[in-house]
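Asker: If you want the building blocks of each chain, they are given just below.
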Amino acid sequence: MLIWSKSKLPVMKYGFIIDNRKCIGCHACTTACKSEHDVPLGVFRTWVKQVEKGTFPNTRRLFSVLRCNHCTDAPCVEICPVEALYTRPDGIVDFDKQRCIGCKSCMQACPYDALYIDPDTRTAAKCNYCAHRVDVGLEPACVVVCPEHAIISGDMDDPASEISVTLARHQTTVRKPEKSTKPNLFYIDGDEFSLSPMAAEIPEGNLWSAQARGVGHYARYTERLAWSGEDVVQELLEKSTVTEVPTNGELGPTRNIEVLTGQHGRRVYGIPDKGIMWGWEVPAYVTTKAIASGAYLLGLALFLSQAERNWSLFYASLGISLVFLLLTTALLVKDLDQPKRFLYVILRPQWRSWLVRGGYALTLFGGIATLQLAAGWLGWSEVAEGLTLPGVFLALIVAIYTAFLFAQARGRDFWQSPMLPVHMLVHSAVGGAAALAMLEAFGALSLGGVPAQVLALGLLANILVVGIELVMPHPTTDAKAVVKMILHGRYRRAFWAALGLGNIVPWIGLFWHGAEPAVVVAAALLALWGIYRLEKIWVEGPQRIPLA
Amino acid sequence: MPGIVEKIAESIGLIPKLHRGEDGLPRLQEGSALQNYPPPERWNDWTEYEAKAWPRREKRTYDIVPTTCFNCESACGLLAYVDKETGQVRKFEGNPYHPGSRGRNCAKGPDTINQMTDPDRILYPLRRVGKRGEGKWERVSWEEALDDIAGRIRKALQEKRHNEVVYHVGRPGHEGYMDRVLQGWGVDGHNSHTNICSSGARFGYAIWHGHDRPSPDHAHARVILLISAHLESGHYFNPHAQRIIEGKMNGAKLVVMDPRLSNTASLADYWMPTYPGSEAAVLLAMAKIIIDEGLYNRDYLENWVNWQQWLEAAYPGEPVVFEKFIEKMQEVYADYTPEFAEKESGVKASIIREVAIEIGKAGTRFATHNWRSAGSGNLGGWAVARCLHFLNVLTGSVGTEGGTSPNDWNKFKPKFFDQPPAQKFWNELHFPREYPLAFFEMSFLLPHFLKEKRGRLDTYFTRVFNPVWTYPDGFMWIEALKDEEAIGCHVALTPTWSETAYFADYVLPMGHASERHDLNTYETHAGVWIAFRQPVLREVARRRGQNPRFTYEVNPGEVWEEDEFWIQLSWRIDPDGTLGVRKHFESPYRPGECVTVDEYYQYIFDHTPGLPETAAKEGLSPLEYMRKYGAFLVEKSAYLKNEEPLNEAQLAGSTTDPKTGVIYKNGKAIGVVVKGRACVGFPTPSRKQEFFSQTMIDWKWPEYALPTYIKSHIHPENIDYSKGEFPLLPTFRLPVLIHSRSGNAKWLYEIANRNPIWMHPSDAERLGVRTGSLVRVNTDIGYFVDKVWVTEGVKPGVLVCSHHLGRWRRPQDAPGNRWATATVQIDEDGQGGYRMRQLRGITPFRSADKDSARIYWSDGGVHQNITFPVHPDPISGMHCWHQKVRVEKAHPEDQYGDIFVDTNKSMEVYRQWLAMTRPAPGPNNLRRPLWMKRALRPVDEAFYFPAET
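Read top to bottom, the protein sequences are chains L and P.
Anchor point for the first sequence: position 219 equals 218 in numbering that gives the first Met the number 0, and the numbering is continuous, going up by one each time.
Anchor point for the second sequence: position 474 equals 473 in numbering that gives the first Met the number 0, and the numbering is continuous, going up by one each time.
Rather than coming from a laboratory, the hints here were simulated on the basis of the structure.
Any given hint could turn out to be false.
What the hints assert, rightly or not - So the derived list for chain L, only partly shown, Cβ under 7 Å to chain P, looks like this: (1) 35; (2) 211; (3) 212.
What the hints assert, rightly or not - Lysine-lysine pairs mimicking DSBU-like chemistry, simulated, CA-CA at most 35 Å apart: (4) 667(P) with 932(P); (5) 96(L) with 58(P); (6) 83(P) with 96(L); (7) 347(P) with 159(P); (8) 932(P) with 410(P); (9) 181(L) with 58(P); (10) 252(P) with 175(L); (11) 96(L) with 51(P); (12) 96(L) with 849(P); (13) 339(L) with 6(P); (14) 51(P) with 12(L); (15) 339(L) with 849(P); (16) 333(L) with 159(P); (17) 339(L) with 674(P); (18) 339(L) with 51(P).
Here a beta-carbon is modelled for each residue, glycine too, at the ideal position from N, C-alpha and C.
Start from the sequences and build out the full structure, keeping to the hints where you can.
Answerer: So this is what it looks like as structure tokens:
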């Protein structure tokens, strides 16, 4: 695929300058890009965000060309499990749709909203600096079309190039430098109101356009509307507009800049909302994964702690673990826009991605657990027990790797919490304990009520962890906005229900009537529901924060 | 490179092999530098990688063929990339050899590909079945259509019904072509859209110096003053925007007058949000400051302005000396203080003063532009351009480097192989006696005239022209178009369905940018250029040694082009030559045979100064050169052409008026003596800049003999805010759309698809509405229901709404422009009342283009123009677009997009405005001043009313 090699080319680093002194907001770059790459309706590789600020007559409309920043430390490249996104030796961050599995993690990792799902190929795409043109010696299409030469491309490692000279002589700014992505797109006269997505109020719809249906990943619902003829199918409509444009009230300090400048800004053009990329499948798989790892960890801990080995406990915990591991895998595959390529995670691995590491952990863990099960069944008890050490190690990784994956999703500030691994571990404990406690309550096992006790402890820990995650001071506007959304905004009811019914109520039940099988079963079910609901909020909420 | 795991997995077939060796193409140059275009020597055979396949290195080889854009009127250069394998156009980029656009485009250029591949486009000639407007069509052949239409015209000419044959054009973009055809037929049949567009400003310029458009040299200016939005729209958006920013980057100050925060105003150094219609007051205040502060250009004023004529006429007996001129000007404009201007406009006097001083300091480097905007919005709007040009005259920046030239200096006049004589007819449906000074045809009154039975049309061509939607009073147009008595046959020449084409007898598909021939030349900057629009697939066929007879043979379906259509039609009108038409369509190279489109252009290019020599250097004929490069720079720069000396041949037999210095020949002024030199001067009676206009006096408007401020019909005196009244500005365009030509461009419509009413927060609070609220906007003849957009970007007390959106089709109409059109129902009450309601917004649909199923917007905006009555300015004839409206919250029964119009009221308002005119005849029984330009100028004799009138 990559026919050039590093040795052939001198050192190169392509970058962009957007000169806002000259940009007239005409959208020529947008359509030239659409034409060059035949980009489907609804999604954009480059666009011109517009923001109005000030009060009459001291007011302006600001234009900002937004697109992939071709970061030196590109989070999308780091998180991509299959090297579908990669950095070329000339600095261009390119992508290969043939490799992409449609996991959409790049869309969570990119802090700039540069990626989308192409409804034609059902794979991720973005600005690739027109690499196909660069490789024949032509400037990107947007650069060529721009009436004002407000977009400058070129090699920043060549000190004589226009881009190098311009960079040297002007004050420039980049988007979100705090993300330490080292963007290679620089703005002259960049304005905080435009470049910081939370600085300007986001009204319903743009001045000249309004979104009524889903795009990109959700374009399929819009398409169904076309195929269904003239009828407007309300259900489909609702489904395809799963995202709601966040409004001020909900997000709280959306106008954080206002405090600084006394000004008021409003976005008047932005691209259509792409929707929630990680839907219910992700919290569901986090939950099944918690059960799988928790059941193994707790089950085998109890199994090994008893001198008299309880082999039914052994089989039960491994069985639960494997069943939920399978479910986990199924959910993972289902979430892919290219489900048939799910094996690529294992077979075309990009090792820095926690999706790959997690995928291998899941696979190896499944393998070990299966071996243990087989060894136990064959009566090779030493082998069965001996594999526990690597099994536990892998189970721990399975339990918490998602926290590292979320941390790699650098676009989502709220997921950057150092508590997240603990959070995952506690969910694992709750999940495993709930599963074993139910088995005991049904009389399938006799474990002296330990799982129920662990469940109670786990719930307490969970309340504590969730509390810390929300109360702990958050360093960024985005993260704060999510907390506000959870505690006071759209997730308020869902959150308190999950915390109350899914954590506090079962804990009280276990505390008072922990020996009552019915209470244990109810508490365990409520606890599992609680995990799922909390994860759903944790996964979905941050995705509602605009990135551009 | 693949890792070990992947290698193994691929080699044992678990996953497909993605790593294949592919040959790379060489780069255009060594190193990392990039070029903007493939070099022209490779345009016959250019190979690059297909972006869609990337990172697979799939090679595609193209024929690159230049043409020009057909969206707005700028005619920017395009390069069509025609895939050698599929024969299809893959994409359009800019043409680096086009002197106006210089390889760069706005958003509309690349979108030409959408327009070509629009699944709703009309591919074959259609003839109506059933009643006109019923929505039923049958396919016909070009032969049938040509024979039928030619037969009608032949009959009309034979029966001397010349005035019943009319060609009505939107934006022409075919330099001189149709004038030649119509004069070849001998008819006064040219009707245009100009009086709903630019006539106001044109008149303001013409009354000064005969030329009717400005050509600012923005790139070299020190102050640029725009009463326009040229960084986002207008004549000529992209070329002008390039040079305005260039000037700005070189230190020019940008001043913009606009009540709304246009994108242009946003980038201005001085935004002057004038109350609409007050612009002339502000300009005169600035003129006063320049005069009072002595910042005027004495040399220019003294030599190039007809001040002596004024002093003699207005102050007989007083000395005719320059100081007196200044003194009298100070007297005349004494009341135009900045404070008065502030009262009228709302712009602070201190800013007016500051800008005036900047202008004075800029001197001859002062570039200005007024095209539509205030000039087209207000009663007396023509005075805005007149007062603006006054500033250019005062600073001596007319035709200077960095100044503002007359458009004609930067526009090429092609030489045709045959120039038919001027027609002997005067069509009163176009130039009625009430409007002797109307700068163009009173085209928007056509339905009213037809209703008054002032005439009828036998054959009416609408050419890429959509008055039902674009014009005011659209229901009057529907009535007229449905009246088969008034209009015998309506032929719509159009690339795409339109609200007007639905009411045609023939819908004849015409090509887009890459599917037609045209010659373009525009005053985009201080040079002169021509560009060649050509059917690119025909050129590709030619490169392959084929020679299609007609363009429709290579275009999609049977889409044709007008150039060939008119030649063929003309040939059939007069097959035997008895009508005198045929001879104008005979080849200059093959006597007696029908001219071909290639011959037509060959002749023009052979006779374009400098082109044959330049072409010869490359071993090409001029036509081949234009086919290859698509454009040619005729003159690099053109300044001060008024000072061009008259040569001896011109002077032979001339006489010079000793007092005025005007040089006459054969009874016509041909030049003027300035500083002892016989110069061409300006095409006015005085051959100078006419500060004082005897013409205005002669034609019964003595109060406007000098540049004056005329209060608009929407002056605050006429607005009662307590009743919810507002002025509404409906005139502005968006950078991504172009009237009704862009409804077939999906990438443009996804960026802009609705047109809410901008309202200042203070007004919104007063009315109790917020962003998204529905309001009913009542005009003098009806109302429309639209959403409100509350913004700080508009002057308090002023509403603005772009006319660019609100396209529609009825359920019975052929599906057209479905990216843009809402489906509506129109109910007539039979008494002149029309009600329109949206049945459905924009909806995804199935087609060969997958994107049509993904249309994610449903709001297509509201059609406001159809609720506007006609407002003909009594002098310029311009439709004064601004409306006094009454805004109220929507009624409970109102729905978004609702429209109601009472055409009885339309006629009432028409008559009110008609009553403001001071009809011809003028001096000597003239219909119109002889010196003034007229579209499709007839013989001089036709300018006089017949003796008995």
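Asker: Decide, hint by hint, whether the structure agrees.
Answerer: Status of each hint after checking the structure:
no.: 1; hint: 35; verdict: holds, 5 Å
no.: 2; hint: 211; verdict: holds, 4 Å
no.: 3; hint: 212; verdict: holds, 4 Å
no.: 4; hint: 667(P) with 932(P); verdict: holds, 14 Å
no.: 5; hint: 96(L) with 58(P); verdict: holds, 18 Å
no.: 6; hint: 83(P) with 96(L); verdict: holds, 26 Å
no.: 7; hint: 347(P) with 159(P); verdict: violated, 60 Å
no.: 8; hint: 932(P) with 410(P); verdict: holds, 16 Å
no.: 9; hint: 181(L) with 58(P); verdict: holds, 33 Å
no.: 10; hint: 252(P) with 175(L); verdict: holds, 33 Å
no.: 11; hint: 96(L) with 51(P); verdict: holds, 10 Å
no.: 12; hint: 96(L) with 849(P); verdict: holds, 19 Å
no.: 13; hint: 339(L) with 6(P); verdict: holds, 19 Å
no.: 14; hint: 51(P) with 12(L); verdict: holds, 24 Å
no.: 15; hint: 339(L) with 849(P); verdict: holds, 23 Å
no.: 16; hint: 333(L) with 159(P); verdict: violated, 77 Å
no.: 17; hint: 339(L) with 674(P); verdict: violated, 86 Å
no.: 18; hint: 339(L) with 51(P); verdict: holds, 22 Å
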